[in-house]
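Q: So you can see what is in the structure, the chains are spelled out below.
Protein chains: 2
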Amino acid sequence: MKLMEEKILSEGVILPGGVIKVGSFLNERIDTLMLKEVGAEIARLYKDSGATLILTIESSGIAIAVAAGMAMGLPVVFAKKSKTAKKDDDVYKALVHSFSHGKENHVTVRKEYIQAGDKVLVVDDFLTHGSALNGLIAIAEDAGAEVVGCAAAIEKGFQMGGDNLRARGYRVESLAIIDEMTETEITFR
Amino acid sequence: MKLMEEKILSEGVILPGGVIKVGSFLNERIDTLMLKEVGAEIARLYKDSGATLILTIESSGIAIAVAAGMAMGLPVVFAKKSKTAKKDDDVYKALVHSFSHGKENHVTVRKEYIQAGDKVLVVDDFLTHGSALNGLIAIAEDAGAEVVGCAAAIEKGFQMGGDNLRARGYRVESLAIIDEMTETEITFR
Numbered sequence: 011m012k013l014m015e016e017k018i019l020s021e022g023v024i025l026p027g028g029v030i031k032v033g034s035f036l037n038e039r040i041d042t043l044m045l046k047e048v049g050a051e052i053a054r055l056y057k058d059s060g061a062t063l064i065l066t067i068e069s070s071g072i073a074i075a076v077a078a079g080m081a082m083g084l085p086v087v088f089a090k091k092s093k094t095a096k097k098d099d100d101v102y103k104a105l106v107h108s109f110s111h112g113k114e115n116h117v118t119v120r121k122e123y124i125q126a127g128d129k130v131l132v133v134d135d136f137l138t139h140g141s142a143l144n145g146l147i148a149i150a151e152d153a154g155a156e157v158v159g160c161a162a163a164i165e166k167g168f169q170m171g172g173d174n175l176r177a178r179g180y181r182v183e184s185l186a187i188i189d190e191m192t193e194t195e196i197t198f199r
Numbered sequence: 011m012k013l014m015e016e017k018i019l020s021e022g023v024i025l026p027g028g029v030i031k032v033g034s035f036l037n038e039r040i041d042t043l044m045l046k047e048v049g050a051e052i053a054r055l056y057k058d059s060g061a062t063l064i065l066t067i068e069s070s071g072i073a074i075a076v077a078a079g080m081a082m083g084l085p086v087v088f089a090k091k092s093k094t095a096k097k098d099d100d101v102y103k104a105l106v107h108s109f110s111h112g113k114e115n116h117v118t119v120r121k122e123y124i125q126a127g128d129k130v131l132v133v134d135d136f137l138t139h140g141s142a143l144n145g146l147i148a149i150a151e152d153a154g155a156e157v158v159g160c161a162a163a164i165e166k167g168f169q170m171g172g173d174n175l176r177a178r179g180y181r182v183e184s185l186a187i188i189d190e191m192t193e194t195e196i197t198f199r
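Sequence lines, in order, name chains A and B. Going letter by letter, the first sequence gives residues 11 to 199 in our numbering. Going letter by letter, the second sequence gives residues 11 to 199 in our numbering.
Derived by calculation from the structure, the hints in this document are not laboratory data. Hints may contain errors.
Treat identical chains as interchangeable: a pair holds within one or across any two.
What the hints assert, rightly or not - Listed below are the simulated EDC-like cross-link pairs for lysine to aspartate or glutamate, each with C-alpha atoms no more than 16 Å apart in a straight line: (1) 91 / 68; (2) 103 / 68; (3) 93 / 190; (4) 57 / 183; (5) 31 / 122; (6) 129 / 21; (7) 31 / 21; (8) 90 / 68; (9) 113 / 100; (10) 91 / 195; (11) 113 / 183; (12) 129 / 152; (13) 90 / 100; (14) 31 / 195; (15) 103 / 151; (16) 121 / 99.
Using the sequences provided together with the hints, build the complete structure.
A: Structure below.
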């Protein structure tokens with residue numbers, strides 16, 4: 011998606027360690043004109059997928075999932091994060107490692123919000139090592155639902171999370187894939 | 011807003027202590043068809059406000075703020091929560107008390123995302139005692155911005171946060187106001 015690549019080039023801030031900050035349009039501050047187009051593009055890509063539910067993770071996945079959900083007329087469920095494991099039989103659980111923040115989160119989805127038979131589109135803002143998407147896929151499959159695919163706004167191709175998912179047979183669509191990043195230059199796939 | 015009242019009556023779950031659970035359509039699970047109408051209604055209410063920015067708080071405010079932002083063509087900024095105070099001069103800070111969770115959060119907004127001269131519409135899912143909205147208003151006013159009003163999906167009128175803000179001169183629009191709640195009955199204003 012040309013617009014996402016242009017936004018990354020014009021507003022993204024490259025930090026040491028292969029980190030790119032997109033807080034001015036995709037994260038803390040959200041450009042809703044761009045977001046509407048992101049939702050429309052995910053809807054276009056997955057229009058024939060039969061998806062019945064969009065699954066994401068708080069907080070930064072919510073805006074993109076909601077934009078896609080509005081464009082597709084589908085409900086959105088977001089997994090909650092907590093530092094400690096919950097003793098709760100009413101939730102599906104996964105452990106998600108954040109490489110950018112260097113911490114682990116227990117993520118949960120209440121069992122009543124995802125059903126066997128659901129066709130789940132998993133959505134997040136960033137796809138790097140893939141830990142969040144892997145956790146959400148595990149939760150969907152625990153519920154007996156089928157994962158019809160994944161969508162991310164930005165994928166860092168060099169961190170392999172997306173290609174590992176593709177190798178496992180999942181459909182993964184990222185609106186911009188960064189294959190190389192130096193302090194001064196970004197190369198898209 | 012009739013739709014919000016109907017949703018509360020049909021899907022809300024009343025818990026002890028004046029708590030109403032709306033996780034099936036407004037929180038963990040989001041009904042995006044309803045959300046689109048929520049965004050349109052907030053846009054209608056504030057169409058002449060001159061708002062330039064929507065300010066909310068993670069996580070559960072994001073969906074509503076994004077729906078309103080898309081309907082109004084405005085950017086959304088969400089305040090981040092953390093358990094501990096950050097020593098960071100680049101952020102505006104407030105302390106927010108959650109009565110439903112019984113804990114305090116430090117909330118922050120990066121200074122670059124809100125400007126003196128902005129006209130800020132403050133949005134959240136719930137308005138109860140008003141601590142979150144008060145914190146967001148304080149942050150906006152610290153930045154030298156003007157608060158043109160507040161919008162909440164659901165206000166619990168008996169917890170006074172909304173009326174206290176109105177008494178201080180703020181415009182507060184809630185899509186449903188619960189004035190009384192027993193274990194079996196909900197009375198709207």
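Q: It remains to establish, for every hint, whether it holds in the given structure.
A: To see whether the hints hold, each was checked on the structure:
no. : hint      : verdict
1   : 91 / 68   : both (7 Å within a copy, 12 Å between copies)
2   : 103 / 68  : within (14 Å within a copy, 21 Å between copies)
3   : 93 / 190  : neither (32 Å within a copy, 35 Å between copies)
4   : 57 / 183  : within (13 Å within a copy, 36 Å between copies)
5   : 31 / 122  : between (35 Å within a copy, 13 Å between copies)
6   : 129 / 21  : neither (35 Å within a copy, 23 Å between copies)
7   : 31 / 21   : within (9 Å within a copy, 39 Å between copies)
8   : 90 / 68   : both (6 Å within a copy, 12 Å between copies)
9   : 113 / 100 : neither (25 Å within a copy, 23 Å between copies)
10  : 91 / 195  : neither (33 Å within a copy, 33 Å between copies)
11  : 113 / 183 : neither (26 Å within a copy, 39 Å between copies)
12  : 129 / 152 : within (13 Å within a copy, 46 Å between copies)
13  : 90 / 100  : within (13 Å within a copy, 28 Å between copies)
14  : 31 / 195  : within (14 Å within a copy, 48 Å between copies)
15  : 103 / 151 : within (11 Å within a copy, 40 Å between copies)
16  : 121 / 99  : within (9 Å within a copy, 42 Å between copies)
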